[in-house]
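Numbering-wise, the sequence shown is residues 0 to 155 according to numbering that gives the first Met the number 0.
Hints may be right or wrong, so weigh each one.
[As the list claims (entries may be wrong)] In silico lysine to aspartate or glutamate, EDC-like type, Cα no more than 20 Å apart, as pairs:
1. Lys118 / Glu40
2. Lys120 / Glu40
3. Lys118 / Asp41
Hint data in this document are derived by calculation from the structure and do not stem from the laboratory.
From a predicted model like this one, the values you see are computed outputs, not experimental measurements.
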Amino acid sequence: MLITPSSLAVLGGALALAGGLLGSSIGIATAASAGTATLSEDRGQFRSVIVLASLPMTQSFYGLIVLIFIITAIVPKLPETGGAGFMVLGIGLMVAAAECFSAIHQGNVCASGISLLPKTKGQIFTHSMMLAVFVELLGVLGLVFAIMAFTMLGLM
């Protein structure tokens, strides 16, 4: 059989990582673009810009964690018959979507905060961080839901 359950599972993990990487790259680019404009107005905001622009990077790590779980803990326990590989692939797709969209939209929130740093003399920084954390929570939930699904399926 060319397509084994293990290969489908690893594909699901790879897609989870790819979703995180794609979303993070778009989110960081959006926030960093706003950061470039902000720094041309006020160089003193460099630290705040760096922190806010780097926040969408975490979703890449969540995708990587799911891939590592799949390769190290799930594939060795995966039955070689039945639809277990498709189940893991489906969970990987869910994680990919959660991480991708979370990172992209977190980048938009961070870009808005970055663009207002000069106008507020940096006072918007904490509020921007808090709002970005709300979007981050959806990426964390993608990871948590994957772990819960793997556990409920008896794969972890």
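inquiry  = Check the hint pairing Lys118 with Glu40 against an upper bound of 20 Å on the C-alpha distance.
reply    = Holds - the C-alpha atoms of Glu40 and Lys118 are around 10 Å apart, at most 20 Å.
message = So if I understand the rule, the pair passes when the alpha-carbon distance is 20 Å or less; does Lys120 with Glu40 pass?
response = With Cα atoms ~11 Å apart, Lys120 and Glu40 stay inside 20 Å; holds.
message = Please verify whether Lys118 and Asp41 have alpha carbons no more than 20 Å apart.
response = Satisfied, since the Cα-Cα distance of roughly 10 Å is no more than 20 Å.
Violated hints for the displayed structure: none, as all numbered hints are satisfied.
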